[in-house]
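Build out the structure end to end from the sequences listed, making use of the hints.
The lines below spell out each chain.
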Amino acid sequence: MTLLSTRQLSRHFGGLKAVETVDFDLPAGQVRALIGPNGAGKTTFVGMLSGRIPASNGRVFFDGRDITAEPAHRRIRAGMAYTFQITSVYGRLPVTENVALAVRWRAGGDEAQTSRRVMEALDRVGIADRADQLAGDLSYGHQRLLEIAMGLSQEPRLLILDEPTQGLADSEIADFIALIRGLAGEMTILLIEHNINVVMQTADAITVLNSGQVLAEGTPDEIRANAAVQAAYLGTG
Amino acid sequence: MTDLQKSWVLHLGIIALLFVLQFILPAYHHGSLARVMVLTCYAMGYNILFGYTGLLSLGHALFFAAGMYGLSLSIAHLDWNAGPALLAGLAAGFAMALVIGMLLLRTAGVAFMIVTLMFAQAGYLTVLYFGEWTRGDEGFVIQQDLRRIAGYDLSDPTNRYFAALLLMAACIIITLRVVQTGFGRVLVAIRENEERTRMLGYDIQRHKLAAILLSGTMSAAAGAAYGLLFGYAGATFASVQYSIFPLLWVLLGGAGTVLGPFIGTLFMFYLIDLSSELTTAYMLIAGLVLVALTLFAPQGLVGELRRRTMRWLP
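So the sequences go chain by chain: A and B.
Its first residue numbered 0, the first sequence is counted upward by one per residue in numbering that gives the first Met the number 0.
Its first residue numbered 0, the second sequence is counted upward by one per residue in numbering that gives the first Met the number 0.
Source of the hints: derived by calculation from the structure; they are not laboratory data.
In this text the structure is predicted, and so the values were computed from the model without any measurement.
Cβ coordinates follow ideal geometry from the N, Cα and C atoms, glycine included.
Among these hints, one or two may not hold up.
[Stated by the list, open to error] Cβ-Cβ distance ranges computed for the label pairs, FRET-style:
(1) Asp136(A) x Val19(B): 34 to 44 Å
(2) Gly12(B) x Ala168(A): 48 to 58 Å
(3) Thr1(B) x Gly90(A): 24 to 34 Å
(4) Gly125(A) x Val288(B): 47 to 57 Å
This is the structure:
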């Protein structure tokens, strides 16, 4: 079953075609990586999926429904979760409240259920011991994990992670890979990632964007062997 | 005791203290405190929008005046009783907040401030323009025998004090409830990071509109009560000065704290009151104290208290 798809999806900024007629299908349950050189249109594309950026043309379907015209908050309520490329937690609020904000309406305002799900999510990413701190006092790596916990706690059907390992130390990246592998099967994941090592170890399939268009799509092995990708992206041509 | 219980004990305790104080206070302070409590409601309404939602309005006098004129005009020209007139004041504030709120939602940041300022100025000029009914700057007195609700003469100092306390208690309890529920938490989240909040699935516009409605109506309640309890309505209350006052009170007391507006209003009232006994240059003293406070307690008095010792203060 296809959970998310786009047809002829485009976004133009003046004369710049940031994303151009992209057809994209993401089957439910898959971990899909979206890669491409800087300026390939990854963030714009994902922005159109989550509703942060309106599409110039084309359509977005989620769970068989056309959501092109829906505002971002409705898409989130329909089962998407989105983590920001630049860490975006509530620095002046406690760690628990950061996650609680993601959970509360799903728990129907039931505070006991909310705090239980908050602790589960924090536990899952391994920062439950920091629950009472202010989010702004966490280290950068822990803030990234908190951001992922906010995504997980929503129990989304589609989790969109925008460059989650950016700025993380090697040991933290290893933990992150383990976390994503643990999540595989529970939810569909769309991972925008620069770190090829992370992509190869976590993704079931890879989509390569270049100059706003899909350059290649396939399993990690196929992408590794693809000459066009090597020329455009890996630079080993 | 949990934080929740502590905050109820504290706030209900302060209401009880104010109740007892009225039997002890000398007449002058008794009257002052009644005035402070009504103005506190105005500051609390302002605080909902500024302190909790992070929206800086420079035109709240519009809502205060809407309440005041909604009440006083319906008493003076429609011969309404004080009770229905009070409701008319609230309704005027609510309607004003609804119309202006819808327009305000299309703005953000500096534009939001400018638009609130402009609307308030338009409101002020409207009051002057219809001088035939409002008597403009000069204002008009609401006759003592018309200021009665359910047989209570609200010009009587004791009744007035009780009415002011009742209104402030209601505002405190409403604010406390808002802050404790999911709705209030979302307002704070919008203040802290609007985009993140949207991407957690919250309708930002709807929450902001609700905050404007609550804030505007609470401010209008204060305006209506002020007219009713002190028997006067004038254009000064719609002027830009009265838009800046609640901002000052809230900043001094502590934006985003339930008690901040009360402490700030009380502090400012007595600061001007006491310094004007000492010198005619009382605004100089007041100004210096305000500068010192912004330097050394940038989060306001209650905000500073929360930062230093009482982390649980709502």
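Query raised in the report: CB of threonine 1(B) to CB of glycine 90(A), is that within 24 to 34 Å?
Result: holds (25 Å)
Query raised in the report: Are aspartate 136(A) and valine 19(B) spaced within 34 to 44 Å by their CB atoms?
Result: holds (42 Å)
Query raised in the report: Taking the CB of glycine 12(B) and the CB of alanine 168(A), does the distance hold inside 48 to 58 Å?
Result: holds (50 Å)
Query raised in the report: Do the Cβ positions of glycine 125(A) and valine 288(B) conform to the proposed distance bound of 47 to 57 Å?
Result: Taking Cβ atoms as reference, glycine 125(A) and valine 288(B) lie about 49 Å apart, which means the hint holds.
The structure fails none of the hints (numbered hints given earlier).
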